[in-house]
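In the UniProt record's numbering, the protein residues as written are 1 to 118.
Some clues are possibly wrong.
[Unchecked claim] With a straight-line cut-off of 20 Å between C-alpha atoms, the simulated SDA-like cross-links for lysine to any residue are:
| no. | residue 1 | residue 2 |
| --- | --- | --- |
| 1 | K35 | S15 |
| 2 | K111 | Q97 |
| 3 | K111 | T49 |
| 4 | K38 | E27 |
| 5 | K75 | Q23 |
| 6 | K75 | D52 |
| 7 | K7 | H37 |
| 8 | K7 | G73 |
| 9 | K60 | T24 |
| 10 | K35 | I5 |
In short, the hints are calculated from the structure, not lab data.
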Amino acid sequence: MRIPILKLHNYLLVSIQIDLDDQTAIEFQEDLLSKIHKSGATGVVIDLTSVDIIDSFIAKVLGDVVSMSDLMGAKVVLTGIQPAVAMTLIDLGIHMQNVPTALDLEQGLIKLRQELEE
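All chains, full assembly: derive it from the sequences and hints.
What follows is the structure, encoded as structure tokens:
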């Protein structure tokens, strides 16, 4: 199952509403990078509110998505990170210190605008 990626002005909005398996995570990575390239998006909000737990592979893919998006000129804001997800990321050594976060999608959009100074 593909994760929908919505375009809003110069931003891409992603709300992950399904359990992530390895194949879905890879497809998401490919789809998002392709959409950034095609749309010229300057920012991405990835909402993880419905993601209760992640494994090491999914955590690595998420970290890679943030880094790859940045290389393509799109700033990423993560929203709705659950406690178990935060603990897993830190336990695995995936420190997203320069990645802005917010509690929900609405605050994520506000944070993205601030980061991009729009």
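(request) Tell me, in ascending order, the numbers of any earlier hints that this structure violates. (result) 5, 6
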